[in-house]
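> Chains as they are written, first to last, in the working numbering: chain H, 46 to 138; chain W, 380 to 868; chain S, 3 to 465.
Calculated from the structure, these hints are not laboratory results. Note that this is a predicted model, so its numbers are computed, not measured.
Ranges between beta-carbon positions, derived for each pair:
hint : chain 1 : residue 1 : chain 2 : residue 2 : range
1    : H       : S95       : S       : G399      : 38 to 48 angstroms
2    : S       : G356      : W       : L624      : 34 to 44 angstroms
3    : W       : T711      : S       : Y219      : 44 to 54 angstroms
4    : S       : I88       : W       : N677      : 40 to 50 angstroms
5    : W       : K697      : H       : E91       : 44 to 54 angstroms
6    : W       : D465      : H       : F96       : 29 to 39 angstroms
7    : W       : K639      : S       : G356      : 13 to 23 angstroms
8    : H       : M46       : W       : L624      : 43 to 53 angstroms
9    : H       : K121      : S       : R244      : 50 to 60 angstroms
We treat Cβ as the ideally placed atom computed from N, Cα and C, and that holds for glycine.
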Amino acid sequence: MITKKDILHIAKLCNIKIEESEISKFQNQLAQIIDYINILNEVDTEDIDSFFEVNDLATVLREDTTDISLDFDDIKINAINTDKTQIKVNKVL
Amino acid sequence: MEVKTIIGLEIHVQLKTKSKMFCSCSSEYFNDIPNSHMCPVCLGLPGALPVINKEAVVQAIRVGEALNLDINSKSRFDRKNYMYPDLFKGYQITQFEFPITTSGYVYINVNNGDKGSKSKKIRILRAHMEEDTAKSTHYSDHTLLDGNKAGVPLLEIVSYPDMESSEEAKEYAKKIYNIVRFIQASDCDMEKGQMRFDLNVNLKITKKEGGSVVKEYRTPIVEVKNLNSFRALERATLYEEERQLEEFRKNAEIAQVGNKVTRGWNDNLSKTFFQREKEESNDYRYFPEPDLPPLYLNKEFIDNAKKSIGILPDEALKILEDKYKIGSNIATTIVEDRSYYNYFLSELIKYKGSPSNLANWIAGYIVGLLNESGKSILDISSGMLAILLNLEDANNLSSLKIKDILKEVILENSDLDKLINDNIIIKDDNMLDTTIDNILANNKEEVLKYKSGKDGILSYLIGQVMREMQGRADPSSIKEKLLKKINSI
Amino acid sequence: MIDKLKEQIDNKKISVEDVAKEYISKAKKLNPELNAYISITEDYALSHLSYSPQNKLSGIPGIIKDNINIKGLRTTAGSRILENYISPYSASVVLNLSDFTLVGKGNMDAFAFGSSTENSGYGVTHNPLDKTRVAGGSSGGVAAAIASGSALFGIGTDTGGSVRQPASFCGVVGLKPTYGLCSRYGLIAMGSSFDTPGVITRNVYDSAYVLNEIAKYDKKDSTSMKVAKQDYTKFRDIKDLRVGVLNFSEEGVDSDVIDAFSNSIKTIKSLGCKVKTIDLPHLKYSLAVYYILVPSEISANLARYDGIRFGNHPEKTEDNNFESLSDFYVEARSKFEDEVKRRIIIGTYTLSSGYYDAYFNKALKVRNIIKQEIKNAFLDVDVIISPTTPSVAFKIGKKIENPLSMYLSDIFTVSSNIAGIPAISIPNGYYNKLPTGLQIMGRSFGESTILSLANFIEQKLWK
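My request is simple: use the sequences and hints to build the entire structure.
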């Protein structure tokens with residue numbers, strides 16, 4: 046059972062606002078989906094590996110070399126605000 | 380009432396690599412223009428993907444081996460999810476369930492009361508790779524973000540709570556510092572933030588009556604994050620020991636099963652301050668990083684990394700003390716840095732005198748010069764010290780002159796050969812005799828004083844002669860000749 | 003079609019500029035009614051015209067789904083949260099399309115979450131064959147553009163069917179290559195271990211033609227695979243090919259779809275292939291695995307949209323002064339569309355403390371089982387066929403309020419993303435002018451086989 050408290054806790058974790066009026070909608074939709082995915086309980090996974098890579102790739106490493114970085118202009122164009130070459134945000138603490 | 384401190388440390392060291400953990404931006408950012416080392420990957424732009432830096436993996440294995448950790452042939456990266464402005468992707472790529480190394484230890488020297496010191500084993504739970512966050516600077520009404528540090532490779536070394544005092548915590552931290560620096564896996568420059576400590580500390584308080592335990596309490600664990608010097612680590616521990624005991628007494632000694640608390644450290648006030656209670660919102664939702672295939676390290680890869688460590692500081696110390704008969708303090712200074720030790724060994728090949736004399740010069744003079752000048756021992760031309768000391772041993776150069784020469788060459792890049800030529804001892808008996816005669820003639824009163832028993836006058840006279848000779852005389856010859864002449868007066 | 007146009011350009015019968023103008027003007031004309039494009043990039047295209055005969059796509063008009071970054075262009079991922087985002091870099095897959103002419107950026111469900119393009123922050127895309135119906139999704143804009151002829155090829159992304167399903171709904175060809183064959187670098191991530199770039203074209207040959215350009219190892223994508231270069235347009239003989247017919251439950255599948263599928267089996271038999279029914283008992287768990295793992299990955303992939311470095315920046319108002327950091331974040335993220343919010347919430351839930359083992363870890367293990375089961379099946383057969391979708395294109399608005407029924411429309415397509423294998427959808431019938439699709443799945447890196455079979459079926463059915 047997914048409670049209102051669960052929904053609010055999750056919303057807080059991912060910083061998504063759910064309006065009071067939407068809580069029961071989300072509660073229902075989430076419950077429906079959770080109910081559907083519970084079908085997996087039928088499958089015995091006792092001896093199955095929890096490491097997964099689609100093509101069984103492993104140990105993909107790059108050499109320790111450097112490359113050119115972005116111009117600050119390319120960062121500035123999308124940033125909320127800047128001060129010289131720093132990204133400036135409102136006091137958020 | 381018996382109070383015992385329980386301390387565990389999480390130590391972050393910046394692994395020595397050219398580029399960042401998951402992208403090719405340079406990881407040498409100190410004092411560079413903010414946000415000049417950024418690319419789509421470390422800026423966390425939509426669509427960018429990480430690729431693991433091989434050298435970071437090699438360095439992690441090297442540290443693991445040096446700290447007696449098991450190197451796991453199977454490990455992987457996970458995402459640690461939390462949103463904060465300095466964490467650009469909204470998750471940190473770290474190793475959670477399957478770290479690259481687990482279960483190691485180091486020995487530290489601890490105080491053993493009247494019996495001096497003894498060796499104590501501190502167990503290490505794990506050491507895992509992760510990426511650093513950006514730097515945020517907080518002002519009264521805004522915060523500035525510099526991402527140069529974001530994505531720099533870190534190794535987090537997590538100890539067991541095996542330490543029982545601030546001294547032990549400091550000793551352990553220094554031990555890790557020494558080992559990691561010595562194997563050149565990190566520069567551990569704390570001013571550059573390359574080594575940071577997270578302290579976990581609480582108290583176990585036992586009440587006894589007539590020798591038997593009545594009740595046992597534990598104060599809530601306090602985590603003090605981001606301590607950036609040994610001194611801060613020591614003082615924060617001492618402060619917490621006192622604060623927690625006081626709190627315990629104030630709360631009428633009620634057992635508190637409270638949540639873990641995070642406190643910050645104010646270095647100016649030498650105090651910790653409350654930051655936050657670690658509550659349910661701290662749900663990091665770890666899951667395997669889908670952008671990075673797991674690490675399956677073969678034996679050859681691991682062995683090659685291990686082999687590249689060479690010698691460990693404790694082994695080097697033993698060689699210096701046992702083989703070369705070097706005193707413990709001097710030897711300890713030389714193993715502070717791998718480059719000092721290498722320098723010692725390479726000069727020793729060319730130096731004909733005693734290893735301990737060479738070691739004294741390195742630890743007692745050269746290291747000081749380097750600290751003063753900010754230069755590295757690698758900047759000193761190889762063989763110079765051996766040449767100078769060989770000259771001294773042959774009575775061709777005074778130790779005073781050697782100090783001057785080293786200073787000039789190291790600090791001013793002056794020409795060594797010319798300096799030696801200008802300062803080499805003049806073995807001209809006539810010149811020395813004339814000089815001594817002049818000095819004696821000009822210091823008749825002092826000679827009389829000496830004769831009347833003021834022995835100290837002799838070194839004054841030697842000094843006068845030496846000055847006249849511009850330091851280029853052999854002090855023992857001066858002394859010999861002076862005494863002879865005075866006695867014959 | 004692409005090779006014919008290329009020939010004309012090479013022979014100077016038509017200039018690259020004229021081609022660009024022709025297709026762009028068509029796109030501009032059609033867009034008010036179809037809404038296939040979020041941006042039509044006329045200025046960009048005309049100022050970037052370039053031609054070199056050796057580049058196979060030189061001057062060929064293409065549409066790129068708007069979750070694929072192109073340097074200097076707005077890249078929205080179909081979401082209002084990125085409405086002003088200018089990408090400073092290009093996806094590797096775009097860089098591999100040397101000299102192509104960009105007609106525009108394709109409409110899509112925001113962040114590719116959806117099967118109808120109704121979740122776009124830029125309005126729904128209409129199906130060119132029936133404008134009251136959806137074009138499918140999430141690459142609905144790309145499929146509609148190809149079907150209506152405003153571009154000759156399109157690059158979409160496919161996480162659970164997002165290339166194949168809209169291709170099927172619009173009566174065109176949709177190819178999802180093997181995971182790792184084409185680089186994901188620069189694709190705005192949805193479910194990172196499922197996402198692949200994909201191709202939408204008018205015919206199978208064109209898909210193979212474009213695949214030749216984008217199948218390339220990329221060191222910037224750690225999941226990219228080094229595969230020997232091959233020419234996918236050289237179709238191989240398919241006589242005696244072992245074709246597995248997926249045994250599926252007909253419940254919830256339109257009878258038209260089943261009829262078309264039965265017809266296709268007959269066609270395949272007539273081509274000399276050996277047909278047998280194949281049972282994959284764990285396939286029924288695919289959707290559940292998908293709807294745990296993908297939202298989990300989404301919840302992390304979308305945490306970077308915090309309104310600071312890019313994207314929609316919340317501004318202080320009298321009502322909202324951002325007393326706390328979370329106030330700021332919540333405001334920035336309020337621009338997410340409903341389906342985006344829903345998936346972030348599902349994923350956050352399935353990963354949250356206490357549920358990891360029951361959901362994520364369980365699903366990961368079942369994914370391993372399904373992958374193995376499919377791999378084993380390919381010991382007996384060379385390809386596996388099924389319908390692409392359980393229904394033809396549905397009416398706009400029909401499923402939007404019922405997420406689960408929308409999710410169920412991915413039933414045939416998700417399995418190949420679960421196992422990372424290639425799959426192609428080709429039109430195999432029309433009922434009341436609405437196309438149905440046939441899906442052919444192959445072994446990992448067996449693109450050549452599925453393209454060959456698709457080509458011969460296409461020849462037989464439509465020529």
